[in-house]
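Chain by chain, the residues:
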Amino acid sequence: MIKARGLSPGRAEGEAVVCDQYISPLGEISNEGIIASGPCEGREISGKVMIFKGGRGSTVGSYVFIQLREKGKAPAGMINEIGDQMIVTGAIISEIPMVDSVPLDIFISGDHVSVDGTAGSVEIRNVEEREVATAYITREDKILVMKRSESAPTYPGSFGGVSGYVEKGEKPVEAALREVGEETSLKDVNILNVGKEVLVRYQNILFKITPVLMKTSSDEIKLNYENSAFFWMTREELNSIKTVLKFKETYDLLVGRKP
Amino acid sequence: MYLTREEESIYDGNQGEAKKIAIRLLVALGELGGAERLIPIKSAHISGVSYKNIGDGGIQFLKKISDRVSVPTTLNPLGFDIENGGPVDIDENFRKKQMEIIHLYLNMGIRESFTCTPYYFYSEPQFGDHLAWAESSAIIYVNSLIGARTNRESGPSALASAIIGKTPDHGLHRTENRRPQIIINVSVPLDYTGFASLGLYLGPLLRNRIPLIRVQGRPKDMELKALSAALSATSSLPMFHVEGITPESNLPVESGEKVEVGTEIIKETMAKNTSSTEPEVIAIGCPHLSPEEIEYIANLVKGKKKVGPDLLLFTSREVRERESKAVEIIEEFGGKVLADTCMVVSPLSSKYKSTGTNSGKASFYLPMKGYGNQKVSFMGILDLLRWVIS
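From first to last, the protein sequence lines are chains Y and H. Numbering of the first sequence is given in my numbering, commencing with residue 1 and proceeding in unit increments. Numbering of the second sequence is given in my numbering, commencing with residue 1 and proceeding in unit increments.
FYI, nobody ran anything at the bench for these hints, they're computed from the structure. Computed from a prediction, not measured in an experiment: that's the story for all the values here. A virtual CB, placed ideally from N, CA and C, is assigned to each residue, including glycine. Hints may contain errors.
Quick list of the computed label-pair ranges, beta carbon to beta carbon [unchecked claim]:
| # | chain 1 | residue 1 | chain 2 | residue 2 | range |
| --- | --- | --- | --- | --- | --- |
| 1 | Y | 38 | H | 275 | 21 to 29 Å |
| 2 | H | 349 | Y | 256 | 50 to 58 Å |
| 3 | H | 188 | Y | 204 | 55 to 63 Å |
| 4 | H | 243 | Y | 125 | 30 to 38 Å |
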């Protein structure tokens, strides 16, 4: 289950139609429930869970959803990155369950998605959710970057932080510390910050990653089998390597750096 | 959000289904915008009047939410002039549904205003008043020129506020969100259509950043009305400031970003929004004409005889009545002065294929396929009238 902000009450389930665009219902959704422009042009939304960035255009747009509802052509549910007043009004008066504050890139069109606008949550039925903790270890102005082994089940050969699954009964911070011990054998680490959960979709897995910012003064690192190399890099140097998804953005959030 | 005991009782449905739907919508929107409470409003203005825009689903919604409004409330234009007919013939089913919608609104105690400029005579907001208005061109006008406070409400949210008499306290209701975020330097003097062009150019560029605009000379209110309509049609902006002119233009600017606008940009924007086709109709009054504008046009056509394309002027009932002399002069000339409607919301394409207008907003909406379906000549009023004055 993925936490979201509930905007229009009720529960709905259906096939996801994912549109990486802002939509003006007036003019961009036909009265047959077909999207008329942008990346999703020609896609039908009737009975589907409509996932898009947010609304734009005329404030009359709210009434488009109520017209679709009247014709039995309304979407079953809606998910936005950021809900706006016009779309939310349309959802409420047309009784379409809706949430926002969920990243678009965790959904793939065709996913089986449920939306709970009352509790404020989303579930992708066809993925397995896995809780992960990632340690971002810093020493002076450098960040510790691990090169994942070529036989790693996910992101083989990519660069990332010190990362592992959160085990049963374990808290994410405890998992991060355990992984630091296993993968680096560093002893003197201090926790500086625990970030907001980051969602990353990898095929049929949804990683729910808790990022933990740590500080160390030591560089006595002993690798285990999970990684093939390690590097101390500045933030600028990160830009030139291939990292696991959302690695840099998450680091920036953790240290309060503006993109 | 914090609700008073009275508001909670409405929320729980103790004062009927309509009020319950209304307050629940307001609370949801308040949560969305980060409001902590509801605040009383002085007036409401409702969009979502045309049957074309709200459909049968809209009629069902209006029936469900039907209750007396608790503040003075005005209504947007619709597809035809109710008392006099026109500008084009209306299908009987459409007329029936349209009148059903109007009666639903009037039964709630809403005034028969049918105008996008309710700030002339119907509902005169004062500086600092909190309002819940829909209709993008009116919202930006009252925030910017008068200093009244309203967010960009939709038809349903403005109606919910009219019924409850309150709106969530967020966005433009709070001074910190009314500050300019970018400076626009206009180096060329502008007329009515020049200001409309400026709006069309700035809309997509600004999106939702409130500008502080520096202009040459002292613009008239009607010129800033043209800017309001064009700017709000092409952005989601609820407000602008004009340095030294609008009442809140001394609020501190939030960033040092500047944009320069010169003659070239205005000319290019005008050219981009016009086609060379000869217009079949000259349509003026988007937004609806003020008394001053009607008198101005009457003076230009006085004693002359119309030639060429039809001439349609759009205003509110109240302005048409007050300006009966000017209206008479224009109709003697051969033009028509219509109330309740305008060239954008009436189904103009059933009679005309090309329209001449001085409105930036109309020049934006009229060419849209499946909406206005018009070829548009966008030019100043004197150039427009050249088509009809021999």
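### Message
Flag every earlier hint the structure violates by its number, smallest first.
### Response
4
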